[in-house]
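**Student:** Could you put together the complete structure from these sequences and hints?
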Amino acid sequence: MLQLDVWRPPSTITPFLTVISHSHADHIPKNTADIIVIHKYWADRPNVKHVKPIIADGKPIVFKPSRSAKIVVKALTPREVGRIAGRDVRRLHSTWWPISYDNQTILFIGDLDAGETEIVKEFIEGLEKSGTRITKLAIPSYNGVNGHNSEGMQLAREVADLTRYAKAKGITTIALPHPVLGPGSWDEVWIRSS
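In terms of our numbering, the sequence shown has 70 at position 70, counting the first letter as 1, and numbering is strictly consecutive.
Since the hints were derived computationally from the structure, they do not count as laboratory data. Be careful, since some hints might not be right.
[Said to hold, decoys possible] What follows is a list of derived Cβ distance ranges for each label pair:
{"id": "1", "residue 1": "G131", "residue 2": "K30", "range": "20 to 28 Å"}
{"id": "2", "residue 1": "P65", "residue 2": "R192", "range": "16 to 24 Å"}
{"id": "3", "residue 1": "G58", "residue 2": "V189", "range": "25 to 33 Å"}
{"id": "4", "residue 1": "G131", "residue 2": "H50", "range": "35 to 43 Å"}
[What the hints assert, rightly or not] With a Cα cut of at most 25 Å, we get these calculated DMTMM-like pairs of lysine to aspartate or glutamate:
{"id": "5", "residue 1": "K169", "residue 2": "E128"}
{"id": "6", "residue 1": "K74", "residue 2": "D113"}
{"id": "7", "residue 1": "K59", "residue 2": "D88"}
{"id": "8", "residue 1": "K74", "residue 2": "D88"}
{"id": "9", "residue 1": "K136", "residue 2": "D26"}
{"id": "10", "residue 1": "K167", "residue 2": "E128"}
{"id": "11", "residue 1": "K121", "residue 2": "E158"}
Note that the Cβ used here is the ideal one computed from N, Cα and C, for glycine as well.
**Tutor:** In structure tokens, the structure reads:
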């Protein structure tokens, strides 16, 4: 049903909806669902224009793939993430997306910088205090990276630690291999569609 950037569940079902986290070329799918959503901050970037997305402006967007199914997506700004996490957040590598469907709430984060995994933990705690529970966490899996404010395996270790934290809270972890599967306690591994 969902495609997150270039990643899909390993099934033969064609996704109904593609959610794009940011404008980096390796996150813009060539094969997409009919409906594509991206936050307004990234919408005018050259890598994105060809996909003709629906522009998210911070309000929840509701999709009805069938009479009985409903998907709600919301793009969060760094400021909103910080308010929920209880800290000042001025910049994030990519847009964070809570996505609700089938009584599940996925937190999709398409890319991370070193240090952002602590914000994810604080964000999850903040949501829980307000009565919202994340049931699935879809995040990139790194196996060594230079960039993202990280050297070598630093970000891979941070993500692995975040997956252990999530599992301890009963949250299903979804790996989005970036570009290959790295360390972590993963429940699901999604595949690249393009």
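**Student:** If a hint holds in the structure, say so; if it does not, say that too.
**Tutor:** Verification of the supplied hints:
Distance hint check: the CB atoms of G131 and K30 are about 39 Å apart, inconsistent with the given range 20 to 28 Å. A C-beta distance of roughly 23 Å is found between P65 and R192, which places it inside the suggested range of 16 to 24 Å. Checking the proposed 25 to 33 Å range against G58 and V189 shows it holds: the Cβ atoms sit about 31 Å from each other. Between G131 and H50 the C-beta distance comes to about 40 Å, which sits within the given range of 35 to 43 Å.
Under the criterion of a C-alpha separation no larger than 25 Å, the hint pairing K169 with E128 is consistent with the structure, at around 11 Å. A C-alpha spacing of about 21 Å is found between K74 and D113, which places the hinted pair at or below 25 Å, so the restraint holds. A threshold of 25 Å between alpha carbons decides the hint, and for K59 with D88 the separation of about 21 Å falls inside it, so the pair holds. The suggested pairing of K74 with D88 holds, with an alpha-carbon distance near 20 Å, which does not exceed 25 Å.
Distance restraint check for K136 and D26: the Cα-Cα separation of roughly 23 Å lies within the 25 Å cut-off, and the hinted pair is therefore satisfied. With a C-alpha separation of about 15 Å, the suggested pairing of K167 with E128 holds against the 25 Å cut-off. Distance hint between K121 and E158 is fulfilled; the C-alpha atoms sit about 11 Å from each other, no more than 25 Å.
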